[in-house]
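When you get a sec, could you build the whole thing from the sequences and use the hints?
Just so you know, the protein sequences line up as chains A and B, in that order.
Per the numbering used here, the first sequence starts with residue 1, numbered consecutively.
Per the numbering used here, the second sequence starts with residue 1001, numbered consecutively.
There's no promise every hint is true.
Said to hold, decoys possible - Lysine to aspartate or glutamate pairs mimicking EDC-like chemistry, simulated, CA-CA at most 16 Å apart:
| hint | chain 1 | residue 1 | chain 2 | residue 2 |
| --- | --- | --- | --- | --- |
| 1 | B | 1205 | B | 1086 |
| 2 | B | 1205 | B | 1107 |
| 3 | A | 37 | B | 1018 |
| 4 | A | 33 | B | 1018 |
FYI, nobody ran anything at the bench for these hints, they're computed from the structure.
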Amino acid sequence: MTAVDYVREQMILDNNLAKFKAGDTITVFYKIKEGEKERVQQFQGVVLQVKTATFTVRKISNGIGVERIFPIDSPAIESIKIDKTGKVRRARIFYQRDRIGKKARIKERRS
Amino acid sequence: MSGLIGKKIGMTSVYLEDGKNVACTIVEAGPCVVTQVKTVEKDGYAAIQLGYGDKTDKNVTNALKGHFKKAKTGAKSKLIEFGGFEADLELGTEIKLDIFEEGDWVDVAGTSIGKGFQGVVKRHGFAGVGGQTHGQHNRGRAPGSIGGASYPGRVFKGMRMAGQTGNERVTVQNLRVIKVLPEKNLLVLKGSIPGSNGSIVTIEK
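Below, the structure written as structure tokens:
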């Protein structure tokens, strides 16, 4: 193990997130600070991609597409709930950005 | 004040307690051995010479072998003097990175990455011409005027021009120690330090 890996292992806590893939619908519970107070906010949407350090979640909010990129190791992420597992053929489903309405549906993958 | 010789390992990013993600540099610091104690009476100034890194005896001159023998230590690959050590140290004392604590502010000095002979845009941050049109020919990164013609009739000393860039001693002041990992002699500093990975640096508190 290299020294850089060792430092990352010592300093970055494993936040034990549930495993998810592109196409899944998830809810991210993340802590935000408002002055002194800390509260948990939710972001529910479809996972567009999972990279080594971050993942992207997309949702339609009041008719406007909103995407948020979360760092996987961030201590601000409290937990992740998988609402639906989607059946998609690729790891990065950016085509989802061009689809609206019925076309934007993703088939559910049942195990 | 105290210090250590170390080796730059590389950079990564970690999360601080307030949740901020910061870039940090990992330095392997020490263990160092005191190889010479210089005093005002004997040498005219006070300093401590530290040795870092091992070297095989085959590659050491006899003169240096005697120097290391005095300190009762093996051959060291790097010897650097530090002025202003507060503690009275004996020859052969081993200094480890427990002299640093989390939250300390340190200065790191090393040799910056050499970039060769560079023009004024890279070397001094000149803006260049900034356009390709309006009759611009082929002087997009030229320095422009370097002074008056008949008065003063010469170029002032220190005028910023093209030349060797990098490969010089650079000190970065006031870096915060994020973490000390004594079991592997690793120090995690917030921010960047001069030099390429594997280069020798000095860390002073």
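These are the hints, each one checked on the structure:
1. B:1205 <-> B:1086: 11 Å, holds
2. B:1205 <-> B:1107: Holds: residue 1205 of chain B and residue 1107 of chain B sit about 6 Å apart, inside 16 Å.
3. A:37 <-> B:1018: 13 Å, holds
4. A:33 <-> B:1018: 10 Å, holds
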